[in-house]
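One line per chain: the protein sequences are A and B, in this order.
Quick note: the first sequence uses this note's numbering, first residue 1, plus one each step.
Quick note: the second sequence uses this note's numbering, first residue 1, plus one each step.
Please keep in mind that the hints were generated in silico from the structure rather than gathered at the bench.
Check the hints yourself; a few may be wrong.
Intra- or inter-copy, both count: the list cannot distinguish identical chains.
Keeping only pairs whose Cα atoms sit at most 20 Å apart, straight-line, the calculated EDC-like set for lysine to aspartate or glutamate is [stated by the list, open to error]:
hint : residue 1 : residue 2
1    : K190      : E156
2    : K95       : E169
3    : K170      : E156
4    : K183      : E160
5    : K95       : E74
6    : K152      : E166
7    : K6        : D52
Here are the chains, one letter per residue:
Number of protein chains: 2
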Amino acid sequence: MAATIKLFIVDDHHMVIEGIYSLLQQETQLEWMGHATNADSCLAFLRVRQPDILFMDISLGETSGIDLCKTVKELYPAVFIIGLSTFNQQSFIKKMMEHGASGYVLKNATRQELLQAIETVRLGQTYLSLEAAQSISNQQSEGVPLLTRREKEVLEQIAEGLTNQEIAEKLFISSTTVDTHRKNLLAKFKARNVAALIMIATRMQVI
Amino acid sequence: MAATIKLFIVDDHHMVIEGIYSLLQQETQLEWMGHATNADSCLAFLRVRQPDILFMDISLGETSGIDLCKTVKELYPAVFIIGLSTFNQQSFIKKMMEHGASGYVLKNATRQELLQAIETVRLGQTYLSLEAAQSISNQQSEGVPLLTRREKEVLEQIAEGLTNQEIAEKLFISSTTVDTHRKNLLAKFKARNVAALIMIATRMQVI
DNA sequence: TCCGGTATCCTGTAAAAACAGGATTTTTGA
DNA sequence: TCAAAAATCCTGTTTTTACAGGATACCGGA
Chain A
1 MAATIKLFIV
11 DDHHMVIEGI
21 YSLLQQETQL
31 EWMGHATNAD
41 SCLAFLRVRQ
51 PDILFMDISL
61 GETSGIDLCK
71 TVKELYPAVF
81 IIGLSTFNQQ
91 SFIKKMMEHG
101 ASGYVLKNAT
111 RQELLQAIET
121 VRLGQTYLSL
131 EAAQSISNQQ
141 SEGVPLLTRR
151 EKEVLEQIAE
161 GLTNQEIAEK
171 LFISSTTVDT
181 HRKNLLAKFK
191 ARNVAALIMI
201 ATRMQVI
Chain B
1 MAATIKLFIV
11 DDHHMVIEGI
21 YSLLQQETQL
31 EWMGHATNAD
41 SCLAFLRVRQ
51 PDILFMDISL
61 GETSGIDLCK
71 TVKELYPAVF
81 IIGLSTFNQQ
91 SFIKKMMEHG
101 ASGYVLKNAT
111 RQELLQAIET
121 VRLGQTYLSL
131 EAAQSISNQQ
141 SEGVPLLTRR
151 EKEVLEQIAE
161 GLTNQEIAEK
171 LFISSTTVDT
181 HRKNLLAKFK
191 ARNVAALIMI
201 ATRMQVI
C-alpha cells in the first residue's frame with residue numbers, strides 16, 4: 001500500500017476495540033486515529049477529523065449502527081464504512097449496505113480478513129466476509145415472491161396481529177378482499193397458515 | 001494479590017480474545033495460559049492443565065457456552081468460570097449461573113471491571129457486571145419472557161406451520177395440551193394471535 | 001415435607017382462518 | 001388501445017384458533 005490509511009473505530013465493547021487494535025497494531029501502513037464507544041462521540045470526532053475507513057459496530061447500545069451509518073455517509077461521503085457484528089444476521093448486513101456501508105466483517109474475523117477488508121474497501125469496492133457473503137447470497141431473492149403493494153400492506157397488518165375484519169376497516173376495503181389477499185400471500189410464500197407465513201416472511205426480510 | 005492467577009479464555013471471536021488479552025496484559029499477577037476458540041479444544045486443554053479462572057463466551061458457534069459450562073464444572077469443580085457475552089440477555093446469564101458459573105461480565109467491560117471480576121470470583125464469590133445485575137433485576141419489564149422447555153418446543157412447531165393436532169401427534173401429547181401451551185405462549189408474549197406471536201418471538205430472536 | 005411451577009388433560013363456545021370457486025372493476029404498461 | 005395484472009367483492013363450507021374455566025399429576029427445591 002502506498003499512503004497511510006487512517007482508521008477509526010466506533011464500538012461500545014472495549015474488548016472489541018482492544019481486539020481490533022491488537023490484531024492490526026503491527027501494520028505500519030495503518031494509522032489509528034482513535035475510537036469512540038457511542039454514536040455521539042463518533043460524530044463529534046468526525047466533525048474535526050475524518051478517517052479513511054471507519055469500523056462501525058452494528059449495535060451501539062441505544063443508537064443503531066444502521067442510523068449512524070446513514071448519518072455519517074450523508075455528512076462525509078468520502079469515509080468508507082466497514083460494519084462489525086457478532087451476529088450473522090443478513091438483515092442487518094443488508095440494511096447497513098443500503099445505508100452506505102462499503103463492507104462487512106464479523107467479529108470473529110482473522111487479521112488476514114481484516115486486512116483484506118481494508119484493502120478492498122479502500123479501493124471503493126465492497127468487502128463481505130465469507131460468512132456474511134454466504135448469508136446474503138443464500139436466502140435472499142432466491143424464492144422471495146414478488147408482492148403487490150396491497151399484499152405487502154395486508155401482510156404487515158397480519159403481522160401486527162390484526163384480524164381480517166380489522167384490516168378491512170383500516171384499509172377501507174371488505175374483509176373478503178383481505179381474505180383474498182391473505183389467500184394469495186399463503187400461496188406465494190407456500191405457507192400452510194399464517195404462522196408459517198410470518199415465519200417465512202420475516203426470514204426473507206419482507207417484514 | 002498473593003499468588004499468580006492463571007487465566008484461560010474460550011471464545012470464538014478473535015477480536016474478543018485479543019481484546020481481553022490486551023486489557024489485562026500489564027497485570028503481572030495474572031498469567032495467561034492460552035485460549036481456545038471452541039468447546040472441544042477448551043476441554044482438550046483442560047485435560048492437561050487447569051486455570052484458576054476460565055473466561056467463557058456464551059455463544060460458541062455450534063456448542064452453547066451453557067453446556068460447556070456444565071461439563072467443565074462437572075469435571076473440574078475448582079475452575080471458576082466467568083461468562084462473557086455481548087448480549088445482555090438475562091436468561092443466558094441466569095442459565096450460566098445455574099450451571100456453575102461464578103460470574104458474568106459483558107464484553108463492553110472495562111479493565112477495572114475485569115480485574116474486579118477476577119478478584120471477586122477468585123475468592124469464591126459471585127461477580128455480576130453492573131449491567132448484567134441490572135438486567136437480572138429488571139427481567140420482566142421489556143425482556144424476553146421465560147419459556148419452559150415444552151413451550152419452546154411448541155412454539156417452534158407452531159412457527160413451522162403445524163396445527164395443534166399435528167403438534168400433538170409429533171410430541172405425543174393431547175391437542176388440548178398443545179392448546180394450553182399455545183394459550184400460555186400468547187399470554188407470555190402478550191400477543192393477540194399466532195401472527196403477532198411469531199412476529200414478536202422472531203424479533204426477540206427466540207426462534 | 002410441602003409448595004410452586006410445569007405438564008398434562010378435559011368440556012364447551014365463539015371467532016377467525018383456510019379452502020373452494022367464482023365475478024367485476026380498475027390500473028397499468030407494452 | 002387493449003390485454004394482463006391487480007384489486008375489489010361475493011357465497012359457501014370446513015378446519016383451526018382463541019378464549020373461558022376448569023382438574024390432576026409430577027417433580028425439584030426450600
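So, going through the hints one by one against the coordinates:
1. K190 - E156: both (17 Å within a copy, 18 Å between copies)
2. K95 - E169: neither (30 Å within a copy, 40 Å between copies)
3. K170 - E156: Within one copy, since 12 Å is at most 20 Å while 31 Å is not.
4. K183 - E160: both (17 Å within a copy, 18 Å between copies)
5. K95 - E74: Within one copy only: 15 Å inside a chain, 43 Å across chains, cut-off 20 Å.
6. K152 - E166: Intra 16 Å, inter 29 Å, cutoff 20 Å: intra-copy only.
7. K6 - D52: within (5 Å within a copy, 40 Å between copies)
Violated hints amount to a single one, hint 2; each of the other numbered hints is respected by the structure.
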